[in-house]
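Colleague: As a plain string of letters, each chain reads:
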Amino acid sequence: MSNAKKFVVSHAPFWHNGDSITARSYHTMIAAIPALLFGISTYGVPAARVIALSIACAMLWELGMNYINRQEPTIANASSAVIGLLFGMLLPATAPWWIVVIGTFLAIIVGREIFGGMGGNPFNPVLTAIAIVMLSWPDMLDYYGALVNYNPGFSMIYPLEAVKFQGVEAVSGISIVNLLIGKQAGGIGTPCGIALFIGGAYLIYNGVIRWEISISFIVGLLITAHLFNAADPAKYACPGFHLLTGYTLIGAFFLATEDATSPVNFIPMLIYGAGAGFLTVLIRNIGAYVDGVVFAVLLMNLANPLIDRLRPKPLGKVLENA
Amino acid sequence: MKRSFFGSATPAFKYAVSPHKIEDIPMPEQAMLFVDQPKNRDRKYVIKIGDTVKTGQKLNVFDGVEATTISTVTGTVTDIQTYRSDYGQTYAALTIKTVNDDMDEAIVALTQAPALNTLSPYSSNLPGAPNLSVFEQYASAIHTVVINGLDDDLLVSVNQWAAQYLTSNIKAGVGFFKDIPGVKRVILTAPERMLSVVNSSGAEISVIEEIYPKVLPAFIMRDLLGTVLPAGDTTEKHGVTFIKAEAVAAIGQIVSTKTLPISKVLTVVKRDGSCQNVRVRMGTPLKSVFDALNITTQTGDRIILGGPMRGTAIYSENIPVLATTDGVTIQNASDIPRVSTDPCTNCGECIRVCPADMPVNVLVRYLENGLYQEAKDLCDLLSCVECGLCSYVCPSKMPIFQYIKLGKYELSQIETAEEQDE
Ligand code: SF4
Ligand code: SF4
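Chain order of the listed sequences is E and U. Residues 494 to 815 in this note's numbering are what the first sequence lists, from first letter to last. Residues 4 to 425 in this note's numbering are what the second sequence lists, from first letter to last.
It should be emphasised that the hints constitute simulated quantities derived from the structure, not laboratory data. Glycine is no exception: its CB is placed at the ideal position from the N, C-alpha and C atoms. Please note: incorrect hints may appear among the correct ones.
Said to hold, decoys possible - Per the computed footprint, the stretches of chain E lying under chain U, defined by three or more beta-carbons under 8 Å from a beta-carbon of chain U, are:
hint, stretch
1, 502–516
2, 780–786
3, 797–806
Stated by the list, open to error - Computed beta-carbon distance windows for the label pairs:
hint, chain 1, residue 1, chain 2, residue 2, range
4, E, Pro798, U, Thr230, 51 to 61 Å
5, U, Gly276, E, Ala694, 25 to 35 Å
6, E, Val501, U, Asp82, 23 to 33 Å
Using the sequences and the hints given, assemble the complete structure.
Modeller: This is the structure in structure tokens:
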């Protein structure tokens with residue numbers, strides 16, 4: 494059956510909803526804009542410099558890896574740009590250039606590519622990188638010291654650190670409203686609660702992240718913080734404080750929700766989110782670290798494959814020996 | 004049916020409403036008949052170029068293989084070729100130069116006194132290709148016949164059309180099934196809006212939700228009959244058989260008018276997405292259908308047998324309308340979604356959409372690596388109802404559905420090989 498016309502043959506289905514990885518990456522970047530604008534307006538050019546360098550380095554590392562692997566360049570899907578962006582947002586504006594270069598290397602290569610690239614990483618790349626940086630160069634994430642030269646017009650303290658070492662008394666001067674609008678020290682993209690809420694809502698509305706994880710993370714965190722607070726109000730801060738300080742909100746909307754390292758089934762998503770929230774407060778209140786989000790989420794990443802086995806029974810599954 | 008860049012709403016797929024209007028496609032000058040090729044290599048053709056065939060005549064094509072295919076036209080064989088279809092299926096394709104119909108006597112006799120045992124060897128030739136042999140195979144164990152008043156893919160509306168506009172034939176067909184020994188229930192499934200027309204069919208009516216893929220047998224079994232079909236089982240094993248409304252109407256036509264149905268309804272989905280139902284002689288090449296409708300095709304288009312979710316893309320427009328062909332879809336090159344080599348990012352969209360609650364994100368990892376047995380044992384591959392929704396939503400544009408079909412096919416091959424070894 495010879496035929497001069499060549500038709501395109503492929504497998505069903507012949508429609509697609511048009512969603513793509515690239516679109517999801519762009520959505521994530523758009524969602525980060527409010528927090529980013531806040532960071533840049535507070536810290537000025539140095540903040541912009543860190544973010545730009547971080548994005549560029551992340552993409553270059555991926556390109557380099559594509560080259561070594563003799564793959565078609567995959568950076569066009571912007572997934573490494575997102576990693577770079579988020580990594581930059583966690584850093585203080587004063588971060589030196591080499592920490593950005595090393596950090597993005599850790600995120601892209603160590604955190605992701607050696608596990609087979611996108612979708613194959615067992616741990617959130619951004620958090621892997623920030624955890625290693627935290628352990629290797631603890632000074633780099635000391636927002637207090639790093640930002641001491643700034644005078645943005647509000648008291649520049651890093652609330653989690655203050656509360657950890659000096660008790661609730663030390664932060665009694667900071668109102669929740671001030672935290673919400675970002676009047677606190679922190680990473681470039683982490684202090685402004687309002688901006689992160691807007692970004693999170695945007696991501697949820699567009700279906701880029703799984704809302705179950707964000708919501709259960711926040712609920713888990715609030716409940717645990719409330720229990721601590723009820724037990725000893727002088728020592729442990731109130732739930733609202735935990736919600737609006739440190740990496741909580743960026744964690745809830747941008748980090749814990751990373752696709753490859755979080756569950757996809759409903760009940761597992763709730764367990765995962767709530768577990769991360771619980772661990773966050775646990776680490777903050779009685780652990781060795783000032784902020785618990787990084788390790789809490791990494792721990793839940795570790796548990797993810799196990800949790801995600803709790804899946805619904807597929808249609809017509811016959812239980813053996815039943 | 005695209006997801007827009009902004010907004011979260013995933014559209015729920017509803018079925019297209021069948022238009023009443025139907026256009027008759029004239030008899031083609033050249034028809035083509037497909038006959039299953041036996042799998043063994045030493046097959047010998049007993050038909051040759053120049054032979055004449057009559058309408059309704061059994062097509063003896065291969066030596067020692069009992070013919071089950073009948074000709075739907077009268078004419079002379081002008082060419083014999085092999086057509087390769089998906090998953091290793093091959094057909095002998097006979098090109099027939101057609102003349103005016105001359106009915107084969109044997110078939111005329113058959114239609115005069117139709118009965119289950121005489122019709123069943125031929126049933127696969129009737130529009131909608133009902134499988135009547137299951138009633139003999141399961142010797143009166145089939146207690147329920149479900150007539151599908153909706154089609155198994157979107158946009159296609161052949162069965163809808165038959166259920167709505169071939170009411171007297173449907174009624175006669177329902178009567179035929181009711182008389183089959185062992186059959187206790189004949190159920191016609193239809194959406195709410197069709198109730199007034201189907202009520203008089205004589206069958207028990209079940210209202211179904213008009214949302215894809217709720218009409219696939221596994222869901223009808225669960226939602227209407229309250230039986231969860233164990234993965235991998237046929238419905239017949241559980242006493243239920245599914246028949247398309249068009250097939251019921253075809254049987255009804257034999258019963259009530261004593262004539263052989265040789266034309267069938269076909270939904271043509273045009274480039275702009277508009278649908279038209281046509282009545283066409285089985286064996287008409289798609290090209291002739293397109294010509295009659297003033298549709299021109301060109302390199303780079305995609306031609307799909309069936310609908311957008313479950314159809315099969317074909318590489319030639321010369322292949323004919325078969326008894327099983329319900330729809331043909333033409334897509335512009337520019338409307339064809341790109342495929343990609345991106346890996347699964349574990350985004351979970353497929354999990355949300357899968358109506359069979361499959362662990363698609365894990366399954367796809369096994370299938371990608373050819374671990375079919377593991378896919379079946381650990382990820383319930385056989386539970387998949389083959390709706391295609393997972394591929395439809397996958398942001399990585401992974402060919403999940405293709406992997407699934409391939410996996411099922413490979414497993415069935417392994418099983419057949421094992422059976423032969425025993
Ligand atoms: S085709 Fe995909 S969405 Fe449909 S049942 Fe199978 S796995 Fe689920
Ligand atoms: S929709 Fe595609 S990318 Fe997302 S989890 Fe399923 S297979 Fe993976």
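Colleague: Mind listing which of the numbered hints don't hold for this structure, in increasing order?
Modeller: The structure conflicts with hints 2 and 4, although it agrees with all the remaining ones.
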